[in-house]
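Start from chain R and add chains E and H according to the hints.
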Amino acid sequence: MAIRVNLITGRSIQQGVSMEAGKEKPAYTAACGIIELDPADFKKLGTFRNTNVRVTSKYGSVVVKAVEATQGPHPGVAYIPMGPWANMVVNPNTYSTGMPTFKGTPVEVEIAKNEPVLGSLELVRKGCRGELA
Amino acid sequence: MTEYLIKNGFVFDPVLGIKGDVADIAIKDGVVVETNAVKNPKIIDAAGKTVMAGGVDVHAHVAGPKVNIGRNFRPEDKLFNTRPGRGIERMQGGFSVPTTIRTGYNYARMGYTTVMEAAMPPLYARHTHEEMRDTPIIDQGAFPVFGNNWFVLEYLKNNEIENAAAYISWLLRATKGYAVKVVNPGGTEAWAWGLNCENIHDPVPYFDITPAQIVKGLIEANEYLGLPHSMHIHANNLGNPGNYTTTLDTFKLSEGVRPKSRFGRDQVMHHTHVQFHSYGGDSWANVESKADKIMDYVNSHDNITIDLGQVTLDETTTMTADGPFEHHLTALNHLKWANADVELETGSGVVPYIYSPNIKVCAIQWCIGLELALLAKDPMRVFMTTDHPNAGPFIRYPRIMKWLMSQEAREQQIDAFKHKDKVVAATHLAGIDRELDLYEIAQMTRAGPAKALGLGEMCGGLAPGLAADVAVFDFNPNGPYAPDDIEKAFSNAEHLFKTGVQIINDHDIVSNGNKRTLWVNARVNENPQVMRDVKEKFLRYYTVTLNNYEVSGHHYVPNPYVIEVDATQ
Amino acid sequence: MTKTVTDVVCPFCGTLCDDLEVVVSDDGKELLEVYNACAIGAEKFLHSQAKDRITRPRMRQEDGSWKEISYDEAIEYTARILTEAKKPLMYGWSSTNCEAQSVGSEIGEYVGAVMDNTATVCHGTSLIAVQDIGIPSCTLGEVKNRADRIVFWGCNPAHAHPRHMSRYSIFPRGFFTGKGHTGRKMVVVDPRVTDTARIADVHLQIEQGRDYELLDALRVAFKGEQLPDVVAGIPKEKIYEVAETLKSGRFTIIFFGMGVTQSLGKNHNIDAAIAVTRDLNEYTKAAIMPMRGHYNVTGSGQVWGWQFGFPFAVDLSRGFARYNPGETTSNDLLRRGEVDAIFVLGSDPGAHFPFSSVKKIYDLPSVAVEPHETPTTEVCKVHVPVAFVGVEVGGCAYRMDNVPIETRKVVEPPEGMMTDEEFLRHVLARVKEIKGV
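Chains as they are written, first to last, in this note's numbering: chain R, 1 to 133; chain E, 1 to 569; chain H, 1 to 437.
Only chain R is shown next, with the shape it has when bound in the complex (with noise of 0.2 Å):
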């Protein structure tokens, strides 16, 4: 069952090790093409670790695996590492600041078992080009 929950994004250090092997490599992502949900939060989705999940927002929807968070309990708190993934569905709104609102998106995350998380140049590519599913 899909659930609601407020995303953040930010760095890690195998989004940084990655990222510096280079972004067109499986590392990165492995690294970043992921989402981290609280076990009661998996609970409520009702998926095995490791599962592809859609992850929906107002702006933008993305394809992630979804993975058991690292640097928790955070209940109600997803976390998408700093990347092109993540940007899909981040808020952009800078409010005047300058500054998109990376932290603080509330999303909407579903099974999707059966679609692929592409690699990073992939998915700019086809998401310029209104290639995205």
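Hints were generated in silico from the structure; no laboratory data involved. Yeah, the Cβ is synthetic: ideal placement off N, Cα and C, and Gly gets one too. Treat each hint with caution, since some may be false.
Restraint-style ranges between C-beta atoms, simulated for each label pair [as the list claims (entries may be wrong)]: (1) Glu411/E / Gly319/H: 38 to 48 Å; (2) Ala2/R / Pro84/E: 50 to 60 Å; (3) Glu255/E / Arg219/H: 23 to 33 Å; (4) Lys420/E / Lys236/H: 33 to 43 Å; (5) Ala37/E / Asp27/H: 51 to 61 Å; (6) Pro205/E / Gly224/H: 44 to 54 Å; (7) Arg540/E / Asp195/H: 20 to 30 Å; (8) Tyr206/E / Lys58/R: 53 to 63 Å; (9) Glu422/H / Asn525/E: 40 to 50 Å; (10) Arg540/E / Gln61/H: 43 to 53 Å; (11) Thr70/R / Val202/H: 14 to 24 Å; (12) Thr70/R / Lys179/H: 30 to 40 Å; (13) Lys236/H / Thr70/R: 45 to 55 Å; (14) Glu422/H / Glu255/E: 27 to 37 Å.
Partial selection, computed: residues in chain R whose CB lies under 8 Å from chain H [unchecked claim]: (15) Met1; (16) Ile3; (17) Ile8; (18) Arg11; (19) Lys23; (20) Glu24; (21) Gly60; (22) Gly72; (23) Pro73; (24) Thr94; (25) Val117; (26) Leu121.
Positioned in the frame of chain R, the structure of chains E and H alone reads:
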């Protein structure tokens, strides 16, 4: 290189002793030469105009981390005054904290050619040099600060002058610095714990050394090295009513000491922005001018030089390594406060300030600065500054000239004070009718500062052999003129030469020049003790490595002018 | 045989560690080992020599494929799009040296560009707050030598600035802090139980987005005034306790990051945090410091500060510098379609801007100067690879506390590859030619 002959101007040069006579000045190969040494010069017609050497500013905060804090945290300082680039000029902005580009141009427009950055935190030296590099036209040097430096505090506690001197020599080289600057000695280290040293006997927490010991020790070390400039100090207790006693106590620390320098200076102590240190009374209610007491001392002790720190009655930005003072100021005026303490070395604070003619204290401050100059017996030892931007932006120098040269202009300003009667009662200015002439102004803004900086062989005058830093102003000292004409003419040089290159032609900037960075390389005997102390402190307490500390690399100091000092006797 | 280069400066984050040691082959061409760096820094150095590195500029073709072009052609394209645009955006400037930033400024002046750096999505809101309230701060060595109360608010150094705690803030034994971390109290404020929070003495697990209230509550607590039972999810007893802990120290330092700069409140959050610091100075010594992200975003702010008077979002399009976050910031400009060309250097907006901005980059004439393949290079028309600053070329960089350190060259860049500065100088020369100046 082009030869020039500046003909028929009214020359004011204290180095040659010319007091407004009509004379010709010849330029060849970057220096002033005898007029018969030029064969085919370009003629600059200076008939009816004033000719002086390029101005020398002994103390201004124009380059470095706290200056940039001032720029970045005050976007409002750029409101309505930014200018697009045109011709050779790049775009410029900023009123009290101009961009480096504007700094160079604004000084040049006033006929200034050498400016000393008043305080450089050693750990941030690269930043200061990057800004100086990006300041066109004017030669610059920077003074690293020593008065709160852990090495200095430890050596001077044990009166180890030779070690202190070796450290100073090492630091000047590592930071490409020019002189020994002291700001609120001991007090800024105390401020790293939120405390302060308010008089010269207040011991520094933990280090247990007094400001008096620090100052005396640094004077001694400076003379041991024989540096071009003397120790340059901003004493404790700045800005507080009653502080003139601290100032006199500080002055007295130099008594009996003679300079040991082959660079021609006569002083062992230069005290800066003395206006801020000349207050009597004991509260803002009864604060009054003690400029007379201060000048009694300065006039009778020729081993001291001072600069004014003249308040210009503008909205400006205060910035100083006197961290505790800035905290005190923000508590007074509730404007935004930035602070930056620097490990092992110093600190700083930045707070905007509005010197309003409607505020009694600001008006008193304005009077005091002018009194210091007008009560001076020897204009070669009293220099005109605003401690830019603390008491006001340096672009007001021509306005200060107007006030010094015209009693009428002063009276006009005094009449405009909202609390005129209280101000007059607390100060001496209204009773002073002395008017300085351009010769005395030249002493206070060219020859005097150059001599005090140990640069008398290089600039500050028009004697043959000196650098061809020459300014021509559209001002006839003999013609009838209104006081405002002074300000107008000296804000907009008609011609300016820097090291023989024409920078301003007919009021337009035509060259970005080739500025030099002046620094002092003082060689001492090897001192293994000090090198060991340096290594240890870097290993244990600094957060950069020793090998990463020294400023080296052409891109920081592209055009160095190194003054060699041999202190290995 | 090998040589070890010492005192190497790591070009990743604002921690700007300068104690790295890099082992290179005797001929100076191969980078073999990195010591003392964190995992991210080590990866940066080691990856610079990856075999699949792109070494020549390339241009997107109609059919979507890449075609290799010469540096001259890349320079020509760049100069053309910048001079032909009415209002180009020149963005990034954070993963490069000050020398390159400076040449970039000159180009920006000639073409009337908007110059913006990564602060726009990182600490830009902090810069705005500083412009309102100032900032009592210090260098990292003051923290190392004096601080006994350390607060990490909305930041996770264990992940984003991995050596920060060991080099500066928690573990070192400094001059007045000989007991190391046992003499310090560490407070973390974060909606998650981060790896940083796990080693803290106190973790305030704040309700996400409610930092302003909690900061304000601290100020109330300092004065001993009344608080509601719970603020931002934290019980008032805890708030009073933390307030007392901070007041009772000798030196409190607050480090803060994206948790407060990017959450709603944004610059007001930072304003409140700085106000907390100001207030603390009534009781003890206190300072506050932003955890800057890129290793030289601070430098970009400094260079523009002294050249233009503003630290980011500098609009030069009218011939003089203007600054108005919300109007002159990259994401706002892109969303509103107010720029007509993009030049990116030393950052990756393709990965780190909201997608709606990235789409706009895709639609415009664009150049990415970038050693890696990234989502930005993916959406730009021309990709110009350059040498890594701090690895293959030196140059000045500014640490998060504004201390400038000269990065080192450790190995040669790939044959024939330009540095940022070289590329920009060529572009500048061509721009001047086109403009006839």
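Do the hints match the structure? See the list:
1. Against the hinted window of 38 to 48 Å, the Cβ-Cβ separation of Glu411/E and Gly319/H comes to about 43 Å, which satisfies the hint.
2. At about 56 Å, the beta-carbon gap between Ala2/R and Pro84/E stays in the expected band of 50 to 60 Å.
3. Remark: the range hint 23 to 33 Å for Glu255/E to Arg219/H is contradicted by a beta-carbon distance near 50 Å.
4. A hinted range of 33 to 43 Å is violated for the C-beta pair Lys420/E and Lys236/H, which are about 54 Å apart.
5. Evaluation of the 51 to 61 Å hint for Ala37/E and Asp27/H yields a pass: the beta carbon distance comes to about 56 Å.
6. At roughly 28 Å, the beta-carbon separation of Pro205/E and Gly224/H lies outside the given 44 to 54 Å, and the hint is violated.
7. Evaluation of the 20 to 30 Å hint for Arg540/E and Asp195/H yields a pass: the beta carbon distance comes to about 28 Å.
8. For the pair Tyr206/E and Lys58/R, the supplied restraint of 53 to 63 Å holds, since their beta-carbon distance comes to about 57 Å.
9. Taking the beta carbon of each, Glu422/H and Asn525/E are about 44 Å apart, inside 40 to 50 Å as hinted.
10. A hinted range of 43 to 53 Å is violated for the C-beta pair Arg540/E and Gln61/H, which are about 58 Å apart.
11. In this structure the supplied range 14 to 24 Å holds for Thr70/R paired with Val202/H, their Cβ-Cβ distance being about 21 Å.
12. Against the hinted window of 30 to 40 Å, the Cβ-Cβ separation of Thr70/R and Lys179/H comes to about 31 Å, which satisfies the hint.
13. At about 31 Å, the beta-carbon gap between Lys236/H and Thr70/R misses the expected band of 45 to 55 Å.
14. Evaluation of the 27 to 37 Å hint for Glu422/H and Glu255/E yields a failure: the beta carbon distance comes to about 58 Å.
15. The beta carbon of Met1/R is not positioned within 8 Å of any beta carbon in chain H (closest approach about 23 Å), and the interface hint is therefore violated.
16. Because the beta carbon of Ile3/R sits about 16 Å from the nearest beta carbon in chain H, more than 8 Å, this interface hint is broken.
17. Because the closest C-beta pair between Ile8/R and chain H is about 6 Å apart, less than 8 Å, the hint holds.
18. Of the supplied interface hints, the one on Arg11/R holds, with its beta-carbon coming within about 4 Å of a beta-carbon of chain H, less than 8 Å.
19. Taking 8 Å as the C-beta contact cut-off toward chain H, the hint placing Lys23/R at the interface holds, the least distance being around 5 Å.
20. Interface hint at Glu24/R: satisfied, since its Cβ lies 5 Å from the closest Cβ of chain H, which is below the 8 Å cut-off.
21. Satisfaction of the interface hint for Gly60/R is found here, the shortest Cβ-Cβ separation to chain H being roughly 6 Å, below the 8 Å cut-off.
22. Given the 8 Å rule on beta carbons, the hint for Gly72/R holds: about 6 Å separates it from the nearest Cβ of chain H.
23. The restraint placing Pro73/R at the interface with chain H holds, with a minimum CB-CB distance near 6 Å, inside the 8 Å limit.
24. Annotation: interface hint on Thr94/R holds; nearest CB of chain H at approximately 6 Å, less than 8 Å.
25. A distance limit of 8 Å between C-beta atoms decides the matter here; for Val117/R the minimum to chain H is near 15 Å, and the interface restraint is violated.
26. Proximity of Leu121/R to chain H holds as hinted, the smallest CB-CB distance being about 4 Å (cut-off 8 Å).
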